[in-house]
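K.L.:
Same order as they appear, the protein sequences are chains A and B. The letter at position 299 of the first sequence is residue 299 when you use my numbering, and the numbering goes up by one with no holes. The letter at position 527 of the second sequence is residue 1527 when you use my numbering, and the numbering goes up by one with no holes.
It cannot be assumed that every hint is accurate.
Unchecked claim - One-sided excerpt, in silico: chain A residues whose CB lies under 7 Å from chain B: (1) Gly260; (2) Cys263; (3) Ile319; (4) Val322.
It is worth saying that the hints were derived from the structure and are not from the lab. Glycine included, each C-beta is placed from N, C-alpha and C at the ideal position.
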Amino acid sequence: MSQTFILNGKETPFTPGQMILDAARNGGVEIPTLCYLKGAAPTGACRICCVEVKGARSLMAACSTPVTAGMEVTTNSELVHRARKMNVEFLLASGRHNCLMCEANGQCKLQDLSYFYKITKLQFREKDEKDIYPTEDQNPFIVRDFSRCILCGRCVQACNEVMVNRAISQGYRGAESKIVTGGDSPYNESECVFCGQCVDVCPVGALTEKKAKGLGRPWETQKIRTTCPYCGVGCQQLLHVKDGKIVKVTAVEGAQPNQGRLCVKGRFAYDFIYSDERLNTPLIRQKNGEFREASWDEALDLVASKFKQIIASDGPDAIAGVSCARSINEDSYQMQKLFRAVIGTNNIDHCART
Amino acid sequence: MTNSFADFMKAKMILVIGSNMTEAHPVAATFVKDAAIGGAELIVVDPRRTDLVDFAKMHVPLKVGSDVALINSVMNVLIEENLYDKTYVENCTVGFGELREKVLEYPPERAAEITGVSADTIRALARRLASVKPAMLMYTLGITEHICGVNNVMSCANLQMLLGNVGFECGGVNPLRGQNNVQGACDMGALPNVFPGYQRVDNADARAKFAKAWNVASLPDKPGMMMPTMMENLTKGKVKAFYVFGENLANTEPDIHHVEHCLQSAEFLVCQDIFPTETTRFAHVILPAAAWSENDGTFTSSERRVNRVRTASVAPGQAKPNWWIFKEIARRMGHAWTSSSAREIWDNEVSVLAPSMAGIKYRRLEGDGIQWPAPNEEHCGTPTLHRDGKFTCGLGVLKPIDWIPPAEVPDEEYPLVLSTGRRLYHYHTRTQTGRSPGINDLLGEETADISAADARKLGVADGEMVLVKSRRGKVKVRARVTHQVPEGLVWMAFHFREACANWLTNPVYDPITQTAEYKACAVRIDRLT
Ligand code: SF4
Ligand code: SF4
Ligand code: SF4
Ligand code: FES
Chain A
1 MSQTFILNGK ETPFTPGQMI LDAARNGGVE IPTLCYLKGA APTGACRICC
51 VEVKGARSLM AACSTPVTAG MEVTTNSELV HRARKMNVEF LLASGRHNCL
101 MCEANGQCKL QDLSYFYKIT KLQFREKDEK DIYPTEDQNP FIVRDFSRCI
151 LCGRCVQACN EVMVNRAISQ GYRGAESKIV TGGDSPYNES ECVFCGQCVD
201 VCPVGALTEK KAKGLGRPWE TQKIRTTCPY CGVGCQQLLH VKDGKIVKVT
251 AVEGAQPNQG RLCVKGRFAY DFIYSDERLN TPLIRQKNGE FREASWDEAL
301 DLVASKFKQI IASDGPDAIA GVSCARSINE DSYQMQKLFR AVIGTNNIDH
351 CART
Chain B
1001 MTNSFADFMK AKMILVIGSN MTEAHPVAAT FVKDAAIGGA ELIVVDPRRT
1051 DLVDFAKMHV PLKVGSDVAL INSVMNVLIE ENLYDKTYVE NCTVGFGELR
1101 EKVLEYPPER AAEITGVSAD TIRALARRLA SVKPAMLMYT LGITEHICGV
1151 NNVMSCANLQ MLLGNVGFEC GGVNPLRGQN NVQGACDMGA LPNVFPGYQR
1201 VDNADARAKF AKAWNVASLP DKPGMMMPTM MENLTKGKVK AFYVFGENLA
1251 NTEPDIHHVE HCLQSAEFLV CQDIFPTETT RFAHVILPAA AWSENDGTFT
1301 SSERRVNRVR TASVAPGQAK PNWWIFKEIA RRMGHAWTSS SAREIWDNEV
1351 SVLAPSMAGI KYRRLEGDGI QWPAPNEEHC GTPTLHRDGK FTCGLGVLKP
1401 IDWIPPAEVP DEEYPLVLST GRRLYHYHTR TQTGRSPGIN DLLGEETADI
1451 SAADARKLGV ADGEMVLVKS RRGKVKVRAR VTHQVPEGLV WMAFHFREAC
1501 ANWLTNPVYD PITQTAEYKA CAVRIDRLT
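Whenever a hint applies, use it, and build me the whole structure from the sequences.
P.N.:
If you want it as structure tokens, here you go:
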């Protein structure tokens, strides 16, 4: 039998070991979070998830407090909301949260919370400009804007506990706190392997993608699920598409097999398709060795007639082909069908072994 | 793979052999690392100290190409010390007697000489492996890219069957496929001996079935040529026309000089691609194709999962979907094919003709895809093959296998072993990653990775340009001194044309699969000054 606790006055079941956050969610009550990262050990860093627990001396972090039988939890009291709001106000003053100029505008948890708490002006003095670490974007893919970092630590958890790349950690102390690489060097001179998972989990605009900058707001892009074109893992991606162009790639959360993860190629090597070097017309080699442009009809007629001629003179086995291990199944199917059923040979292979 | 990626994180014992997963399959590697941090035992068998070794309980740095000797010897210990799974072997396999006899020829002391791994380490490896069940074995091209690639694969299977590890979640024999759809291209019958779904072309019933479906009187019954034979036959005039779809053979195949000579010899070379490549230079006709995300379709991943690929942007200029191009050629040769989208091809042809994929239809692929076999539309796919040791074809066959050395081993003139592979930031010949802005900034050139010991012997400094030579060619490349590479080994990739490892590699092949021995040839390093 499952045990119960009292959630906002209602008896609610939970499983032993479950944190208040999850038990409440199962009971239909959402508690806001900032630092909590599913699949990583909760750190209790941001206190946005605070709730009242009867008998406790202070508010408790729902993400890291286990439920006990009979525990009385209140998630929506005046006290709770006041504490959360003040928390948000502190965070807003901890850097420069000018949404207008932020790439994360529209998908920022801090922005959402500020909106929810109807915050219209800063309550605390903003951190001094000179105390904010300068933005670091020496590398080709990731912008680290420390003026927006709320030190929630999700990036550190993603890098260490999820991807296990161990490139970044919490550095320095107190007002000087900063997320750092080993030796506090730029990403491209560190252990970072550019999986971009830290960007994916950053709840605000502190970590953003360089290539996506200015190309589309989250509400303007269409999200299309697809499969990564590189290795054989088959990671599931979401293509963020605006005006028929991919502006960014993220992982499909919770999907098999990658469970929200991607590597550098899956996340950042998508835009080769827009290279000006793409072949965009059939080409036929001329006598002088140079290629000239041709129509589809001309090129395909040439291929078909050449094949027919070779079949007539040397037999179908004088034609051979290799299919592509990068392209879709349906293309390989068609090619082997062309060779077997039309040309009449089994001389069809691909680089099956690499 | 017999098993699924979802098993990686849950596995309790993991044996990674010949796979530099953190670079070649980075996301799969994250699950292995997660498992190791969570307490799973990880054993890495690899000549190089790959990044996964940081997480391993044991690293077994065997000599390049000695895998069979090592595995035979591990099995020798398992049998001698009674550590293998007798019940499983009795109930689920055949051939134990012959296997036993063979592996008794490989006591650890003998294997130590071949592999360079001490007899004690071999014993420790065997005992450790036998201590947790099931153990999950993963391999990549370090196993297959040898003249004995098939033997290496069978050895992995022998080991896992002897340990009773095949047919269970978090067990099995798991090749991580290199390319996104190499599994699918095999499944679709882009192989000289099988139709889609691995139905053999020399089987009359299969031929009759496909002939009927494809509306032709008959189909060829003789298995065709594999790629290396095709290329060889171009030079002999036995193959006149060669149709290369999406492969950059001039960089990917061993011994580039020879490959280019083959391509040059084609009377008629058709290249269908998305970019001009080193290979298209030899073409007579180049057909521009639509790329990933420019048409709908499916890829099949290493775990046999058929995943959807969707359209996001339009192809440039007149580039067309590949399936359309093939259909148009067929039409001009007198065959009217009806399917006119990838979805129609899959739903009306592939899934109808390949019994293992009969249950897979596009409408079922909206979410996470389906792992074949999925024989009917109610079937939700197969995460683990050979469930509980019940092999699809009856009993699992244990095969006695002998070790053979690589075709070319170091000698006085070429004293070093060259082994090749890929690196994290680039993919194959860079036709794609090289044109994705930013990637070249992370890795802009090839290096020859060597040990500090060899660097010292050669008087080569880290970062110095050197000449790497083999019997087939030479490249000028920057030396990179790294603790990842053991003494006697040079490691290079094939991402960059100028310093491509394939100017050096040896065009010798596994006799069955014709996989080239990319992982071993003999080279020398000379200083430039
Ligand atoms: S990109 Fe990946 S490796 Fe680099 S810091 Fe972020 S999570 Fe870590
Ligand atoms: S960079 Fe983002 S994820 Fe990392 S600590 Fe700062 S706000 Fe949190
Ligand atoms: S994202 Fe990386 S690991 Fe995943 S399929 Fe693509 S290349 Fe492979
Ligand atoms: S989400 Fe609970 S403390 Fe941050």
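K.L.:
Confirm or reject each hint.
P.N.:
Here's how the hints hold up against the structure:
no.	hint	in the structure
1	Gly260	violated (10 Å)
2	Cys263	holds (3 Å)
3	Ile319	holds (4 Å)
4	Val322	holds (5 Å)
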